[in-house]
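Number of protein chains: 2
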Amino acid sequence: MKIKVGVVGYGTIGKRVADAVLLQDDMELVGVTAHSYNYRVAIAAERGIKIFAVDGERESLEAHGISVAGSFDDLLENVDVVVDATPKKQGAENKKIYEAKGVKAIFQGGEKASVADVSFVAQANYSAALNKQFVRVVSCNTTALTRTIHALDQKWGVKRARATLVRRAMDPAASRGGPLNAIEPTFELPSHHGPDVRTVLPNVEVFTTAIIAPTTLMHMHVLSVKLEKDAAVEEVIDLFRNTTRVRVIPVDQKIITTAQVMELARDLGNKRGDMMEICVWDKGIGIYDDELFFMQAVHQESDVVPENIDAIRAVMGFEDAEKSIEMTNKSLGLK
Amino acid sequence: MKIKVGVVGYGTIGKRVADAVLLQDDMELVGVTAHSYNYRVAIAAERGIKIFAVDGERESLEAHGISVAGSFDDLLENVDVVVDATPKKQGAENKKIYEAKGVKAIFQGGEKASVADVSFVAQANYSAALNKQFVRVVSCNTTALTRTIHALDQKWGVKRARATLVRRAMDPAASRGGPLNAIEPTFELPSHHGPDVRTVLPNVEVFTTAIIAPTTLMHMHVLSVKLEKDAAVEEVIDLFRNTTRVRVIPVDQKIITTAQVMELARDLGNKRGDMMEICVWDKGIGIYDDELFFMQAVHQESDVVPENIDAIRAVMGFEDAEKSIEMTNKSLGLK
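Protein sequences, first through last, are from chains A and B. So the first sequence is residues 34 to 368, counted in our numbering. So the second sequence is residues 34 to 368, counted in our numbering.
Some clues are possibly wrong.
Because identical chains share one entry, a pair is satisfied inside a single copy or across any pair of copies.
BS3-like cross-link-like pairs, simulated, lysine-lysine; straight-line CA separation at most 25 Å [said to hold, decoys possible]:
| no. | residue 1 | residue 2 |
| --- | --- | --- |
| 1 | K145 | K287 |
| 2 | K134 | K35 |
| 3 | K134 | K122 |
| 4 | K287 | K304 |
| 5 | K35 | K121 |
| 6 | K83 | K287 |
| 7 | K188 | K128 |
| 8 | K287 | K121 |
| 9 | K122 | K287 |
The set of hints was computed from the structure by calculation and includes no laboratory data.
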C-alpha cells in the first residue's frame, strides 16, 4: 500500500515536494491545492497532477481551462498525510481542519514550533517523529545549521556554536521586497534560528545573528564552533564528505561564489537547478586555537525537500531512519 | 553514419551545445576541449564525455584526475565538424587551424560576420548554409530579433523595425564585471545588433539602440515595427504562437518579470532552467496608428543552442530545413 500524500500550498516548497513525492516508490501524490490561477498550476495540470481548489476558487480555475478534481475537503478525504507548504501562519490555521479530519500533516519552518509534536531534521531526530500526527520540518536555515552542527557534535562534541547568517533577500522569481542595494541588520539577538536549532538539537548551545543581503540565490552562514575534542581541518573535510545532504565544494574546481554553486547545480542537471545539499567550501574550513571556522551556502528553495519526504515516512510509522534517508536520497540524486 | 561533432570551448554555450549534440540521433559527440580544470570539465568527465586538452594543459588536467583523450589536434582529426564556442576573437584565430585541417566549423556571434561564409538563423536562412565550410550562428540578441522580425516580415512585410535592447550585465555565474547598480548607455548608433540582423535578413531595415542593466537573467527588447499591411493584435499573437522558437507568455498566468520567465523555465523541467525560445508577453503587444509594439525576453545562455544544431546539419548537406528544425526542436523539448 502506497502512502497517499496531498500537498497543500503549491509555491516554492510545495511544487518541489510534489515532484519529490512523484519520485518515491512507496508514495502516491493524490493531488495539490490551488489558491489561484498561475503558471505553476497550469504546468501541474498539464503534467496530470490533480488540482484541488481552495474555497471559492473552483470557478476561476475552470474559467482558465484547469480541470478541478475537487475541493480542499475532498483532498483531505483521500490522503493519509498532507504536506502543508502554505505561507507562514496559514499552516496553524489549517491545523484545526487537519485535527477535525484526523489527517496527519507535515508543516514547514515558517510555523511556530508549537504547531507540531516535533521539529524535524531527518539525520538528527527521525525517530522522534515516528507515528506522530503533526511534524514540523524546520526552515531552510535551521535545517542547514542542524545538518553540519549535528555531524560535528556526533563526532567530537560541540561545546558551543556561533553563526552569522547572511540571508538572501527574496527568492529568485520574486520581483518585489527585500533590500535592493543595501544590507539590512536584524536586531533580534539571537536571531530566531539559534533557538530554532535547539528545537531539534536541545543539548547544543547555539547563538546566531542574521543580516539580509541583496541577493536571491542562496543564504550563506559563517560559523565558529568550539569542539569538545581536537579536530584537524582534513578530518572536518572528511566528516562533511561523509555526512548525508552536505556537499564539500572543491575550490580548485573554481566554484567560489554562491552564483557558481548554483551554476554547478544547473550543470549537474538537477531539476530547477536545485541544490538540496548544504555546501561547505573546502578552503573555507580553518582551525584557530581551539575554534573551528567554516562557511556554508544554503539553497533556500530546496534543502528542506528531502526532509519533507522523510517526515512523511516517519509519521506513517516507517521505522528505519537510515533506510528512509537512503531511499529519499537515491530518488533525488543525492549521494 | 552519424555526424561526428567536436565542441571547442566548453563554457556557457559550449556545454549546452555538447548536451544538445548528445540528444541528436544523427550526431555523435566525439569530445570537447578543456582549457583548464574547473567544475564544468569535472562534470563532463564524470559523465563520460571525452576531454581533449588544449596546448600545455594536459598535465594540469591529469593532475586533477581528469583522463585526457588527446590534444586539440587529435580532436580535429576525428570530427566532421566543430562547434567553436571559444571567447570572442579566439574563433577567428582557430579558423586558420580548421582551414589547414579541412574541418568544417560553426562559429558564434562574438566573431565578426567575415569569419564565415554565412551568418545563420535556422528559420530565416537555413539553406544559405548548405555544404558551407564555415557558418556563424549570430549572437543571442541577433537571433532573437531575427526570429520575430522574420516572422512578421514573412506574414505582412516589415517596412522598418526599431528596437531598444536592454542587455543583461553578465551571465548568472559571473561574479565580476558589468554595472552593479547603474544603467549603462552604449554610444554606438546603431548598436551592432541592427547591422548584424541584416547579415541574415539583408532586405529588412532595422535600427537598434542598446543599454546595459544590472541583471544577469535575460536580455529584454522593446520593439516598434512598421508593417507593409495592417495587422491586428490577435493576429500578431497567433503568428508568434505559430512561430518556431518563439513562445507567447500568457500574462494571466502571472508571468510578468524576466525572473518569472526563468522560473517558468525551471518549472518546465528544462535542463539548467534554460529557455531557448524567445518570449513575447501577450499583453505587451499593441498597435498604435500603423506601428506594432511588443516586448521580448531573451535567454542569452541558451537561445542559440538549437541554431548550432541546425547549422551542423546544414554544413553537412542535410537539405530539409523544416525537418532539421523539427528534429532539433523535438530533441530539446521545443514546440
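Problem - Intra- versus inter-copy proximity for K121 and K287 (alpha-carbon distance at most 25 Å) - result: between (37 Å within a copy, 21 Å between copies)
Handout entry: Alpha-carbon proximity between K134 and K35, which holds within one copy, between copies, both or neither at 25 Å
Key = within (20 Å within a copy, 60 Å between copies)
Problem - Same-copy or cross-copy closeness of K83 to K287 [CA-CA at most 25 Å] - result: between (43 Å within a copy, 20 Å between copies)
Handout entry: Same-copy or cross-copy closeness of K35 to K121 [CA-CA at most 25 Å]
Key = neither (29 Å within a copy, 55 Å between copies)
Handout entry: Copy assignment of K122 with K287, given that the CA separation must stay at most 25 Å
Key = Classified as between; 24 Å across copies, 41 Å inside a copy.
Handout entry: Alpha-carbon proximity context of K287 and K304, limit 25 Å
Key = both (22 Å within a copy, 21 Å between copies)
Exercise for the section: Pop the pair K134 and K122 into one bin, within, between, both or neither, using alpha-carbon distances up to 25 Å. Expected result: Cα proximity of K134 and K122: one copy only (19 Å, versus 67 Å across).
Exercise for the section: Have a look at K145 and K287 and pick one of within, between, both or neither, based on CA distance no larger than 25 Å. Expected result: Close neither inside one copy (39 Å) nor across copies (30 Å); limit 25 Å.
Practice task
At 25 Å max between alpha carbons, let me know whether K188 reaches K128 within a copy, between copies, both or neither.
Solution key: Classified as neither: same-chain Cα gap 38 Å, cross-chain 57 Å, threshold 25 Å.
The structure fails to meet hints 1, 5 and 7 from the earlier list, while all remaining hints are met.
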